[in-house]
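S.K.: Taken in sequence, the protein lines are chains A and B. Oh and the first sequence: position 270 is 270 in our numbering, straight run, nothing missing. Oh and the second sequence: position 272 is 272 in our numbering, straight run, nothing missing.
Keep in mind the hints are simulated off the structure, nothing from the lab. Every residue gets a Cβ at the ideal spot worked out from N, C-alpha and C, and that includes glycine. Incorrect hints may appear among the rest.
In silico DSS-like cross-links for lysine-lysine, where the CA-CA straight-line distance does not exceed 30 Å [to be verified]:
1. B:Lys-390 x B:Lys-164
2. A:Lys-99 x B:Lys-168
3. B:Lys-244 x B:Lys-187
4. B:Lys-147 x B:Lys-222
5. A:Lys-99 x B:Lys-360
6. B:Lys-323 x B:Lys-335
7. B:Lys-294 x B:Lys-168
8. A:Lys-99 x B:Lys-93
9. B:Lys-252 x B:Lys-222
10. B:Lys-123 x B:Lys-437
11. B:Lys-123 x B:Lys-415
12. B:Lys-390 x A:Lys-99
13. B:Lys-164 x A:Lys-99
14. B:Lys-147 x B:Lys-434
15. B:Lys-252 x B:Lys-415
16. B:Lys-294 x B:Lys-369
17. A:Lys-99 x B:Lys-187
18. B:Lys-369 x A:Lys-99
Some, not all, of what chain A presents toward chain B, calculated at C-beta under 7 Å [as the list claims (entries may be wrong)]:
19. Ala-159
20. Ala-162
21. Phe-164
22. Leu-179
23. Thr-205
24. Pro-208
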Amino acid sequence: MRRSKSSSRPQFAGPGVTDANGPGVTDANGPGVTDANGPGVTDANGPGGAAGGRRRPRSVILPYLLVLPTLIFVAMFTIWPTISSLLGSFFLQRLNIAKYREPTFAGFANYATLFHDPTFYQVLGNTAFYVLGSVPVSIALGFLFALLINRRMRGIGLARLALFHPTVLPMVSVATVWLFLLTPDYGLFNSALSFIGYRGAQNWTGNPDLALLAIIFVAIWKNAGYYMIFYLAGLQSLPREVFEAARLDGAGALTTTRKITLPLLRRTSLFVTTIAFIGAFQSVDHVFVLTSGGPSNASNILLYYLWQVRFENLNVGVASALTIVLIALLLMFTVSNFLISERKGNLDG
Amino acid sequence: MRKLVSLALSFAFVISAAGLFANGQTESPAASGPISIQVFYPVAVDAPIAQILNGYVSEFEKANPNITVKPVFSGGYNDVKTAIQTTIQGGGKPPALAVMLATDLYDLINAGYIEPLDPYLAKLPNRDSYLGDFYSSFMDNSRYNNKIWSLPFQRSAVVMYYNKDLFKQSGLSAPNSWASLAEDAQKLTVRNGNDVSRWGILWSTVGLPYWLFQPLAIGAGKNVVGSSDTEVYFNTPECIAAIKFYNSLSQKCKATPSGAQDTWGASPGDLASGRAAMIVHSTGSLAGILKQAKFDVGVMAVPGEKPNTYASVPGGGNLYILKNAPQDQKDAAFKFMQFLTEPDRVADFSIKTGYIAARKSAYETPAMKDYIAKVPQAAETRDALQYAGKELSLQNLAKVRNIFQDYLQQAFNGKLSPEEAMQKAQSEADASLKEFK
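With the sequences and hints as input, model every part of the structure.
M.R.: See the structure below:
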């Protein structure tokens with residue numbers, strides 16, 4: 001009974017894996033995560049176990065039927081929009097000019113417009129800075145938090161709550177709260193900074209040199225707790241014997257973390273870095289609230305720019321081209337992240 | 001058995017999902033009988049808008065039993081516009097009525113989303129007196145190609161709020177020119193060592209910089225936009241002088257923090273708590289300021305460059321009828337529009353929200369007269385309107401506005417000289433307007 005159940009699992013693992021990568025690439029990290037756990041888990045345990053228990057010949061269509069609802073949603077909300085953006089990127093369509101209201105074929109004109117637009121390069125640079133500035137720090141913090149709270153002690157529930165609560169808040173409320181914390185002179189953030197001796201500029205959301213940093217800071221504050229949860233789950237599933245053995249061999253905490261914990265959590269790290277990078281490319285809410293991409297585009301990042309081009313400038317063609325650029329960047333990153341960590345995995349083991 | 005159940009479940013899921021999407025197309029209102037209209041409405045303002053509008057809706061439905069009005073409240077102006085765009089682009093039916101920014105006029109016409117109100121207005125017996133009753137600086141945003149495309153509804157303007165008690169204590173009178181504004185601001189700034197405990201003036205230049213800046217350009221003698229829908233005046237000596245004046249408030253007078261300032265959200269509170277002696281802000285903040293301030297609050301138009309000149313600029317949202325809605329819904333929508341713009345209701349809306357009443361006759365209603373007797377500032381916001389120039393509104397608005405704001409902030413932040421910044425803003429804006437001429 002048990003054997004047959006577990007042997008049927010790889011068959012059903014297929015859809016689970018595609019779910020995690022498929023929508024995760026283009027959708028927000030929310031749906032990506034629920035897809036990975038929700039349907040994947042039920043597919044593997046529920047019907048698979050039942051079919052195995054009866055020892056009847058398994059239906060060939062059933063797995064596909066079960067994936068069908070997900071497939072329909074993926075096709076409708078991921079594949080179709082991607083194709084339609086790709087097509088749209090080759091057509092000139094600007095809703096605020098009557099003669100360009102209906103799409104006309106324009107070849108690579110939209111891409112040419114984009115690649116001749118200095119703001120686009122500024123936005124790309126900002127995005128790279130934002131992603132590289134926020135992702136590694138929030139993952140490292142998430143890991144650190146997980147190590148800190150993965151123990152039994154008094155008040156640990158409170159500590160976990162404190163570290164996790166920013167994740168539960170909607171980004172818009174987080175940004176609104178931070179807007180007040182960042183107020184010059186008496187904002188809590190600035191008061192704290194001046195208490196520890198900071199005497200620099202306080203105008204975080206209005207200063208072109210600080211605005212992007214403010215956006216990054218808020219993103220880290222919001223996301224670290226989220227990644228912490230994954231690491232905490234990972235940590236708690238690690239075998240204890242290994243750590244006991246390490247302790248008997250006299251390995252220090254640092255060595256244990258570096259040589260044992262981190263390598264064992266490789267899969268978790270792969271998952272977390274993937275969703276973190278994708279999430280960073282997709283973050284936009286706090287930009288709306290905190291800086292509107294300003295001043296002078298200093299904190300304008302790819303998705304906000306895309307929104308501006310599509311819904312403010314009403315340039316559908318260039319917005320589609322931008323979407324394709326965004327998708328290409330995300331695909332490139334996801335695939336290379338996967339390949340790199342797979343190779344590392346082989347070297348290690 | 002369980003397999004069967006799961007199969008059935010998955011089918012049910014697929015079918016219900018398909019049904020969900022088919023649903024959007026099955027709605028087809030009957031030609032006669034009860035009419036139901038949707039009104040898209042932004043709520044991200046400093047007043048209980050949803051509650052107020054729901055009250056009007058139930059009053060209207062009582063008077064017009066065959067019409068049902070469904071208000072759809074969503075975020076800010078941008079969210080309403082985005083929702084309508086996506087509905088229309090996706091092939092759906094737009095709401096019959098929506099409140100959108102007055103300045104979005106050109107984009108909405110070009111995209112083919114809205115239709116002129118002239119056919120509806122022509123049926124009114126009192127068309128001319130009805131239209132003439134709206135303040136002309138608000139109506140300016142409704143006219144294009146000799147047609148009227150919208151009616152003013154929740155309208156505001158840029159004004160200067162000042163702490164009258166502080167002025168009195170320091171023996172100062174309200175400023176009437178740039179020079180006296182700078183002098184007062186300097187005198188009212190209080191420093192304790194390196195820390196400033198009170199700024200003379202706070203003037204936000206992040207968020208909506210073009211809007212709060214426009215009174216400076218108008219006050220210098222030339223607005224950044226004129227009657228043409230494809231021309232801007234960014235590199236004029238007046239506009240450059242306006243930037244220099246703004247910069248001098250921080251650099252020379254030390255009366256405001258230097259560089260572009262993001263004080264939009266905080267400055268009403270700063271004025272009320274005494275951390276600023278003057279702020280330049282929207283009339284929309286009046287109610288909030290009056291609620292918090294423990295001193296006599298003064299409201300006036302922004303002083304201009306020359307003595308006894310003033311400037312302001314209107315803002316806010318208008319009522320639009322959406323072209324692709326069914327005709328019976330559009331007729332009902334116009335009826336609701338008329339209902340909302342009746343003087344008593346305009347007065348009531350203004351009293352409850354702090355927006356400027358868009359019609360002159362609203363100020364003659366007993367309710368408004370009583371209110372002004374209690375809150376004289378409500379009349380002061382309206383009085384600022386007589387100095388108002390046109391709000392930046394023209395073809396390709398978002399693009400031109402972003403160009404202007406980017407260079408404006410570079411000039412405030414000292415990244416470029418005002419002359420250089422405005423030269424670049426002008427040439428980029430001209431280039432982006434070429435296709436619209």
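S.K.: Go through the numbered hints given earlier and state which of them the structure violates, listing their numbers in rising order.
M.R.: Numbers 2, 5, 10, 11, 13, 17, 18, 19, 20 and 21, in rising order.
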